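If you count by the working numbering, then the sequence shown holds residues 20 to 128, one letter each, in order.
Derived from the structure by calculation, the hints contain no laboratory data.
Here the structure is a predicted model, which is why all the values come from computation and not from measurement.
There's no promise every hint is true.
[Said to hold, decoys possible] Derived CB-CB ranges, DEER-like:
1. K102 to S63: 19 to 25 Å
2. C50 to E98: 34 to 40 Å
3. E98 to C36: 26 to 32 Å
4. V103 to R125: 29 to 35 Å
5. L32 to W104: 23 to 29 Å
6. G122 to D35: 30 to 36 Å
7. E37 to R87: 32 to 38 Å
All C-beta atoms, glycine included, are put in the ideal place defined by N, C-alpha and C.
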Amino acid sequence: LACAKKLPGVDILCKDCEIFVSDLANESYDCFLIKEMIHHISSSKLANFCSNLSRALKQGGYCLIVTRPSEDIGYPFFEAAKKVWTAKQPKAETIAAAMLDGGFTRVET
Numbered sequence: 020l021a022c023a024k025k026l027p028g029v030d031i032l033c034k035d036c037e038i039f040v041s042d043l044a045n046e047s048y049d050c051f052l053i054k055e056m057i058h059h060i061s062s063s064k065l066a067n068f069c070s071n072l073s074r075a076l077k078q079g080g081y082c083l084i085v086t087r088p089s090e091d092i093g094y095p096f097f098e099a100a101k102k103v104w105t106a107k108q109p110k111a112e113t114i115a116a117a118m119l120d121g122g123f124t125r126v127e128t
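With the hints as extra help, turn the sequences into a complete structure.
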């Protein structure tokens with residue numbers, strides 16, 4: 020973070036993601052990259068989160084959500100951690116449905 024603070028045009032922000040997206044102005048972003056954090060949003064709040072992303076995207080903008088697979092693919096976790104990790108990963112279909120419910124018109128998995 021110390022190095023990033025020195026870069027021109029880079030602002031450091033530490034904020035709850037749900038609050039962050041709800042505060043965004045309409046059509047204010049060209050794209051979003053949501054990387055390995057979507058599993059931290061409860062399933063009951065996922066469509067609202069996606070709705071705020073959709074609302075904040077400019078016409079023609081896009082959102083890329085990257086997450087880990089929900090099935091065990093051999094990560095080197097101990098058994099208890101594997102169970103928690105596997106249980107918390109939303110399925111691609113769940114994320115896609117939330118995006119469609121949230122106003123996205125084109126969703127690919």
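Cross-check of the supplied hints:
| no. | hint | verdict |
| --- | --- | --- |
| 1 | K102 to S63: 19 to 25 Å | holds (22 Å) |
| 2 | C50 to E98: 34 to 40 Å | holds (38 Å) |
| 3 | E98 to C36: 26 to 32 Å | holds (30 Å) |
| 4 | V103 to R125: 29 to 35 Å | holds (33 Å) |
| 5 | L32 to W104: 23 to 29 Å | holds (27 Å) |
| 6 | G122 to D35: 30 to 36 Å | violated (21 Å) |
| 7 | E37 to R87: 32 to 38 Å | violated (20 Å) |
Hint violations for this structure: numbers 6 and 7, all remaining hints satisfied.
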